[in-house]
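Asks: Protein chains in written order, with UniProt numbering: chain F, 1 to 316; chain D, 1 to 316; chain A, 1 to 316; chain X, 1 to 316.
Honestly, the hints are just simulated from the structure, not real lab data. Take the hints with a grain of salt, since some may be wrong.
Just so you know, same-sequence chains aren't split out, so a pair can sit in one copy or run between any two.
Stated by the list, open to error - Derived lysine to any residue pairs resembling SDA-like cross-links, with alpha carbons at most 25 Å apart:
id : residue 1 : residue 2
1  : 296       : 258
2  : 138       : 70
3  : 303       : 185
4  : 303       : 86
5  : 138       : 301
Protein chains: 4
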Amino acid sequence: MSNSLGHEVAHLGHVELFTPRPQESLDFFVRVLGLTENGTDGDSVYLRTWDDYEHHSLKLTAAATSGVGRTALRASSPEALARRVAAIEARGLGVGWTDGDTGVGPTYLFRDPDGHEMELYWETEWYQPPEHLRPALKNQAQAYPGRGVGVRRLDHVNYLAQSAESNGRFVYDTLGGRVTEQIMLDTGVISAQWTHFGQKSYDLVYTDDWTGSSGRLHHIAFATDTREDILRAADIALENEVFIETGPHKHAIQQTFFLYLYEPGGNRIELCNPTGRLIFAPDWEPVTWTQAERAKGQAWGLKTIESFHTHGTPPV
Amino acid sequence: MSNSLGHEVAHLGHVELFTPRPQESLDFFVRVLGLTENGTDGDSVYLRTWDDYEHHSLKLTAAATSGVGRTALRASSPEALARRVAAIEARGLGVGWTDGDTGVGPTYLFRDPDGHEMELYWETEWYQPPEHLRPALKNQAQAYPGRGVGVRRLDHVNYLAQSAESNGRFVYDTLGGRVTEQIMLDTGVISAQWTHFGQKSYDLVYTDDWTGSSGRLHHIAFATDTREDILRAADIALENEVFIETGPHKHAIQQTFFLYLYEPGGNRIELCNPTGRLIFAPDWEPVTWTQAERAKGQAWGLKTIESFHTHGTPPV
Amino acid sequence: MSNSLGHEVAHLGHVELFTPRPQESLDFFVRVLGLTENGTDGDSVYLRTWDDYEHHSLKLTAAATSGVGRTALRASSPEALARRVAAIEARGLGVGWTDGDTGVGPTYLFRDPDGHEMELYWETEWYQPPEHLRPALKNQAQAYPGRGVGVRRLDHVNYLAQSAESNGRFVYDTLGGRVTEQIMLDTGVISAQWTHFGQKSYDLVYTDDWTGSSGRLHHIAFATDTREDILRAADIALENEVFIETGPHKHAIQQTFFLYLYEPGGNRIELCNPTGRLIFAPDWEPVTWTQAERAKGQAWGLKTIESFHTHGTPPV
Amino acid sequence: MSNSLGHEVAHLGHVELFTPRPQESLDFFVRVLGLTENGTDGDSVYLRTWDDYEHHSLKLTAAATSGVGRTALRASSPEALARRVAAIEARGLGVGWTDGDTGVGPTYLFRDPDGHEMELYWETEWYQPPEHLRPALKNQAQAYPGRGVGVRRLDHVNYLAQSAESNGRFVYDTLGGRVTEQIMLDTGVISAQWTHFGQKSYDLVYTDDWTGSSGRLHHIAFATDTREDILRAADIALENEVFIETGPHKHAIQQTFFLYLYEPGGNRIELCNPTGRLIFAPDWEPVTWTQAERAKGQAWGLKTIESFHTHGTPPV
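Starting from the given sequences, assemble the full structure and let the hints guide the process.
Replies: Now the structure itself:
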């Protein structure tokens with residue numbers, strides 16, 4: 001679906017995750033997934049994947065319960081930032097400017113129609129690794145840590161929302177994203193929508209929340225370099241008593257090779273590998289999956305796990 | 001390097017390759033690499049990778065000698081096409097409009113400063129696979145062929161040019177691309193430049209031609225899904241007596257996992273896998289490699305093969 | 001479990017499979033799995049994997065129904081052959097000597113306690129590939145075919161039997177194999193037993209037949225070089241409308257990475273990769289899995305598929 | 001090459017390595033390769049790979065210089081041990097019985113013709129992991145450590161010797177091993193010989209020492225689960241400033257996928273993956289590679305690195 005707005009948002013920057021078990025969640029992200037700490041702020045710890053050029057990929061915040069905090073998107077230019085802020089304000093979803101969290105400059109806060117907190121920024125601090133994390137190759141942000149899964153990047157956020165479609169439309173109309181795939185129920189309702197800003201086939205995903213709640217999270221995802229990393233991750237999860245919800249397997253939608261875990265705070269974490277898939281067509285028409293097609297399960301026949309439709313965070 | 005032009009070119013569309021041994025070259029692309037024939041035109045055969053949404057990825061043309069023919073780029077929109085044509089004409093490198101080759105609409109022909117033939121188009125025919133090539137998953141262009149290497153897409157073109165830098169600047173200034181990496185000799189000369197249009201870290205590459213000739217080719221590259229596909233490709237090449245020039249190994253520049261072959265017509269073909277690397281920063285500063293850094297060889301220490309600096313097509 | 005008989009049987013040689021749909025089964029083995037035809041005999045076609053040093057790995061025989069025919073084991077030496085024949089005769093399970101099928105010398109026919117046909121031989125014809133199948137590396141039996149899955153070897157046979165344990169005991173007592181793993185029901189019944197002859201962790205497996213029948217087959221398995229080959233095989237199966245029963249996933253028992261398919265004749269075919277696992281200890285004690293442990297499913301949590309306990313061949 | 005002695009030696013047990021830089025070597029084996037400490041003895045540290053069922057795989061001993069200490073082989077049975085001791089004594093290479101090092105019972109010391117220290121034993125202590133190293137799957141010796149390369153097992157030892165052939169013959173005649181591959185110079189001299197005891201295609205290798213010295217080491221090797229582990233290991237080596245001598249690539253001989261590193265003490269360490277290759281034939285004839293064939297380099301064309309013929313330990 002061509003979007004005349006072009007590429008106003010460059011990419012997903014970072015996301016905040018709430019956890020009621022901050023120490024165990026931190027251990028999960030650092031030791032099991034292989035992220036690196038990069039400072040703290042009050043009850044939050046900043047964590048980064050090794051290929052992130054910015055300050056952090058994840059802000060892990062101790063809280064009473066689980067769920068997703070603010071999602072940060074980087075604009076493509078100062079002008080794009082100004083244009084998107086105007087569009088968000090026109091849409092009545094703006095919150096206002098702040099000085100910006102650690103690592104980013106002036107930041108505009110807003111909410112998606114479902115109420116998830118979001119922010120847009122242009123200025124960002126390029127990560128300067130300390131000596132012991134300096135990479136051997138200068139075209140890489142940080143040394144590859146031979147620790148745990150070793151995820152490369154924060155890949156996407158999959159939100160639960162009262163209406164997937166109206167939130168997907170907000171990404172399209174107001175943020176300039178495009179829809180690559182979606183699920184349409186027999187009733188005609190679009191119950192899930194995958195949107196992207198660049199050539200990765202999705203960045204922000206909306207799924208209808210079966211509880212009718214607002215502002216919840218289905219999962220956040222980290223990408224690995226290879227499918228073998230995902231298989232290895234399954235062994236690492238097994239040895240570390242991390243709950244494996246489903247996978248490894250290949251999604252029919254988007255064809256992503258996946259593994260779903262629950263981090264100790266209860267949030268669902270996907271480890272994903274796109275295996276080379278990118279969307280190049282600027283006029284890509286959304287692929288629509290019917291209820292009957294969804295009933296066939298995942299790409300190689302695995303039934304979609306029940307808990308995909310019963311577990312979200314925070315619990316309700 | 002931010003480019004205020006934004007994403008005017010969406011992606012590399014297809015490329016034409018000349019071969020003095022058309023039957024053997026065809027066999028190489030179909031049986032060894034796993035491309036699929038999709039029609040002919042005079043002395044040319046159209047070939048496609050399984051994940052190409054357009055008519056073809058490669059036009060293989062019987063000719064007196066080897067080398068690269070026309071490279072086709074798809075514009076991001078009709079407006080972007082018009083803007084780029086105006087810019088090319090202003091630069092004095094335009095050739096003019098044609099009706100377009102099989103599978104594409106109105107096409108604007110031009111040359112890069114070094115004289116390589118190029119074309120820009122917006123209208124394109126989305127590929128409709130015949131029954132026996134219909135994919136099992138509807139978000140895929142064509143059934144995955146379990147034949148040979150099974151490359152996913154045409155990935156990039158690496159041109160030889162009298163001046164890599166002036167051609168890279170043309171991509172930047174006139175086509176709206178961006179430079180991600182480059183080599184700078186001790187003399188200050190930029191001897192190679194990698195440019196891209198989207199999030200893949202390169203699409204068009206220019207390398208100084210040691211012979212001082214114009215319009216020649218260093219290589220064209222096809223991407224595989226995995227590094228294992230590249231290792232398997234090396235065995236397939238070995239069994240089929242395809243000349244392996246170097247690899248498999250990992251480039252320091254761009255960190256691509258690579259294997260270089262010569263197809264029967266003499267053209268160098270790279271099989272490449274980026275292993276998850278994408279460029280997200282809209283203001284990425286080119287990474288500049290010095291002569292001393294280049295002297296260290298590839299990422300894991302393999303010396304850069306001599307023939308990289310002696311073999312180009314057509315031979316001179 | 002140490003076996004004072006030592007290594008009397010060297011390895012699984014080949015197996016015969018019955019199919020009511022011979023042409024489609026042949027297409028499956030040749031085009032989808034990548035085996036190579038090596039002659040015919042009446043209603044049978046001989047097929048070989050590329051790393052088999054003998055004449056064939058599989059004898060595919062047209063028949064009224066599906067199921068397993070004769071399984072051939074190669075003895076470790078002429079003396080071992082003589083000793084095993086004597087032991088089989090003493091056990092009352094011998095049938096007698098024949099001249100041997102294509103590719104093997106004098107062959108002793110017998111049955112396991114459940115009635116599955118078996119044979120033992122020493123003399124064998126080393127495979128001499130024709131010119132077009134000559135491998136590039138001389139330490140390999142045949143050129144690697146870049147076709148379909150490209151399985152490396154016949155890996156194991158998993159039989160259904162009225163009593164897994166009494167058949168496993170026969171392998172141990174009479175053939176000199178050893179038990180590496182087994183399942184013990186809460187009743188104390190050993191309902192499945194994995195036996196091996198060398199360092200591979202299993203070669204012949206017996207599983208209790210839920211129908212109480214004799215002589216049936218659970219599956220035969222072919223090994224691939226890598227886990228990536230299994231993932232790729234799943235895509236190939238998908239595109240070729242081959243029924244995927246379960247997987248890819250990792251077995252808890254034996255830790256094999258697996259994919260189960262049904263070939264067109266109805267027989268279950270496993271594609272397996274041991275990922276480096278070998279059994280070195282000559283006094284390995286069988287690992288016994290309880291019913292409760294089995295209830296946990298496969299290694300990464302996949303539930304064992306129901307049809308594992310309802311589908312065997314021939315159907316009853 | 002059939003060996004009527006059968007399988008008298010079950011497998012390579014462990015090896016001792018000398019290092020003049022014990023702390024850095026220890027860090028290399030634990031943090032970079034992912035081995036686990038299992039006790040100390042004087043100047044030695046015992047280290048184990050995660051799939052070793054015995055006490056240790058490697059004994060790392062502080063010493064004035066580098067090189068290989070004692071290599072331990074486990075006999076297939078108490079009777080095989082007695083028979084091999086008698087044969088070694090008859091050959092005049094015996095040293096005598098000791099109580100055995102940590103983890104093994106009565107041990108017979110001897111030397112190969114070149115003077116490398118060796119030992120044979122039957123009794124061994126099965127490894128009992130402490131709570132924090134208990135594996136999730138009960139058919140595995142120790143939890144898989146998500147640390148560094150994570151090598152699965154000690155794979156083989158490659159010795160330098162004054163005469164490869166006379167030492168290979170000792171393995172064949174006296175220890176009951178078999179020769180799988182060898183190099184024959186144009187002079188008729190066998191300059192390297194690969195021998196094995198089970199189905200792995202090699203366990204002990206002898207290479208002619210260009211210095212004419214005795215008792216030296218070419219390398220010891222650890223096996224990984226996958227080729228991807230080797231590629232990942234190259235990145236880990238790169239980031240940890242471990243010297244990469246050559247690879248990753250595929251050997252023509254034995255077809256092993258390899259990466260060669262120098263540990264901080266100067267010893268060459270191979271990381272290897274056989275990619276499914278096993279030797280099943282009990283009468284396998286040695287594959288002999290000529291000087292001309294060797295001159296072609298490795299499987300995919302990489303030239304054999306010069307330092308393979310100049311670097312051994314200890315230095316002379």
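Asks: Which of the numbered hints are not met once you compare them with the structure shown?
Replies: Violated hints: 2 and 4; rest satisfied.
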